[in-house]
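Chemist: Here the protein sequences come in this chain order: A and B.
Going by my numbering, the first sequence runs without a break in its numbering and finishes at 213.
Going by my numbering, the second sequence runs without a break in its numbering and finishes at 357.
No wet-lab data here; the hints were simulated from the structure.
Errors might be hidden in some of the hints.
Covered stretches of chain B (chain A as the covering partner; in silico rule of three or more C-beta atoms under 8 Å from a C-beta of chain A) [claimed, not checked]:
1. 56–65
2. 164–173
Interface residues of chain A toward chain B, partial, derived using beta-carbon atoms under 8 Å [said to hold, decoys possible]:
3. Asn4
4. Met6
5. Gly29
6. Tyr36
We put the beta carbon where it would ideally sit given N, CA and C, even for glycine.
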Amino acid sequence: MVNAMKEGWSTFKSIFIGMSVTIRHFFGPTVTLQYPDERYELPKNSRAKLYVNIDDCIGCNLCARACPVNCIDIETVAATADVDLGKTSTGNPKRFWLTQFDIDMAKCMYCDLCVHPCPTNCIYMVSEYEYSEFDRTNLVFHFSNLKPEMVAEVKEKAEIEAEEKKKQREEMAKKKAEEAKMKKEIEAKKKEHQKPGNDSNAPSKPDNNGGA
Amino acid sequence: MINTIATTANALTILVYAAIPLTIILVYALVAIWAERKIAGFIQDRLGPMRVGGWHGWAQSIADLLKLIQKEDIIPTNASRFLFKFAPFMMFAASYAAFAVIPFSSGYIGSNINIGVFYLLAVTSLLTLSIIMAAWASNNKWSLLGGMRSAAQMVSYEVPTIATVLTVIVVSGSLNLMTVTEMQSGNDILGFLPNWFIFQNPFLLVAFVIFFISILAESHRVPFDLPESESELVAGYQTEYSGIRWAMFMLAEYADMLLLSLLGATLFFGGWNSPFGEFMSGPLWGFFWYMLKGLLLVFVMMWIRWTLPRYRVDQLMHICWSILIPLSFINLVLVALWELIF
Numbered sequence: 002m003v004n005a006m007k008e009g010w011s012t013f014k015s016i017f018i019g020m021s022v023t024i025r026h027f028f029g030p031t032v033t034l035q036y037p038d039e040r041y042e043l044p045k046n047s048r049a050k051l052y053v054n055i056d057d058c059i060g061c062n063l064c065a066r067a068c069p070v071n072c073i074d075i076e077t078v079a080a081t082a083d084v085d086l087g088k089t090s091t092g093n094p095k096r097f098w099l100t101q102f103d104i105d106m107a108k109c110m111y112c113d114l115c116v117h118p119c120p121t122n123c124i125y126m127v128s129e130y131e132y133s134e135f136d137r138t139n140l141v142f143h144f145s146n147l148k149p150e151m152v153a154e155v156k157e158k159a160e161i162e163a164e165e166k167k168k169q170r171e172e173m174a175k176k177k178a179e180e181a182k183m184k185k186e187i188e189a190k191k192k193e194h195q196k197p198g199n200d201s202n203a204p205s206k207p208d209n210n211g212g213a
Numbered sequence: 016m017i018n019t020i021a022t023t024a025n026a027l028t029i030l031v032y033a034a035i036p037l038t039i040i041l042v043y044a045l046v047a048i049w050a051e052r053k054i055a056g057f058i059q060d061r062l063g064p065m066r067v068g069g070w071h072g073w074a075q076s077i078a079d080l081l082k083l084i085q086k087e088d089i090i091p092t093n094a095s096r097f098l099f100k101f102a103p104f105m106m107f108a109a110s111y112a113a114f115a116v117i118p119f120s121s122g123y124i125g126s127n128i129n130i131g132v133f134y135l136l137a138v139t140s141l142l143t144l145s146i147i148m149a150a151w152a153s154n155n156k157w158s159l160l161g162g163m164r165s166a167a168q169m170v171s172y173e174v175p176t177i178a179t180v181l182t183v184i185v186v187s188g189s190l191n192l193m194t195v196t197e198m199q200s201g202n203d204i205l206g207f208l209p210n211w212f213i214f215q216n217p218f219l220l221v222a223f224v225i226f227f228i229s230i231l232a233e234s235h236r237v238p239f240d241l242p243e244s245e246s247e248l249v250a251g252y253q254t255e256y257s258g259i260r261w262a263m264f265m266l267a268e269y270a271d272m273l274l275l276s277l278l279g280a281t282l283f284f285g286g287w288n289s290p291f292g293e294f295m296s297g298p299l300w301g302f303f304w305y306m307l308k309g310l311l312l313v314f315v316m317m318w319i320r321w322t323l324p325r326y327r328v329d330q331l332m333h334i335c336w337s338i339l340i341p342l343s344f345i346n347l348v349l350v351a352l353w354e355l356i357f
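Work the whole structure out from these sequences, hints included.
Modeler: The following block contains the structure:
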């Protein structure tokens, strides 16, 4: 009987303790954040989305090479001699047209490894996290600001210039080759003339030493 | 001609008279379901529904009701069609019928009969019947298990409920709830306390505690919500129901909660009597005080729901048969002795 009363008392006590806890929470503050209306402010160094300041990009491809999952896709075209692309805000001269600068955020693993190699600090993470899509392909972000016709023009120009340069180089190479031939012929003639007296002077001796 | 007009007018009056509790139940159910969700939210440091209707999502239950009305009315192939369709309406009818003897204010009572309490307890036992009806007709193991539990629970807990109601009847000497309420008018206890039964007799306080525990079980509220315990029985006897029929069950359940709370307010807290004697009394104020008392008890029920876990079946039966029933009968004798002596 005494035991039953004790048990009963402890039951009531524990119920009242529980109810006092719940009523305190009832009148206490709530922790809900009503998301679309209110948002938490993310810390400055949060990694939510990659962003490229394309005006500062020099097309060095370092970020693409640093990426462990190959989510950065860069295509560059050398600027022809008649255009000056100017300088970045950090003072580096820009030498390439960026015909393509795509980042596939579906592949990105937010490792931040592409950010640090950049010489002009133009690729970095931003805090914007609301960019979900229904189709995975929509997660490829295009940062290049060149228009398609501009891309074609630039490519054509670059090809022409490249061909010219190639021709020039070939010509130069031909010239050099001819010159070299001429020299050789001259030397050969000289040797023929000097052959009897200058036989022990081997010209290939220092080469052999270097090769060893 | 005059006769027919008179009868029509009479019938209309009766209809309007009978519709008053219905209006109260419907409005209360919408508010209570919303309040239950808000209370659950606040107790768990959340906000609850916030978006429908502007201020704190007040229109949430209206939106839910509209959704439920539009839903498909699914009847399982192997269900007993008539019983399955009929059960929810019978359940609501039972709890609505019981409101007939509830004195909402000094000016309004549906039916001022001399066996009010008896009628109320008799009609509410139809609830058990309709739950078993729904459970059996569903032809589903969860439903049947829920129905069996419900039958066992309600039959068991009716005993302590009736015993505690009987203690009040011993004091009041009347089964008419209007008379019981009128007996509690005035502020004579210790000079300022109202003449409510809960203050009149220390054993009636014990009776109230037992009564409150048993009405928790009768209306299937946590910690005694075994018939519909969602973590074990899916939804108990409601498992196969959808749409408006399920809404009827929900409505009946909330109506039952209000009914039993109002009965408790009448028996122990002076019904429509103002706590300040003559101050703020009258038919309309009476209605206000009565609903306030009833809704406070409903709030406590919700508060308990979000505090306590559920009992096991054997614990439930143990509490009823070996604690509440002996205690309530001993209490009945003690109250009777107290009434004899003082």
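Chemist: None of the hints should be skipped; say for each whether it holds.
Modeler: Hints, one by one, checked against the model:
| no. | hint | in the structure |
| --- | --- | --- |
| 1 | 56–65 | holds (count 8) |
| 2 | 164–173 | violated (count 0) |
| 3 | Asn4 | violated (13 Å) |
| 4 | Met6 | violated (11 Å) |
| 5 | Gly29 | holds (7 Å) |
| 6 | Tyr36 | violated (11 Å) |
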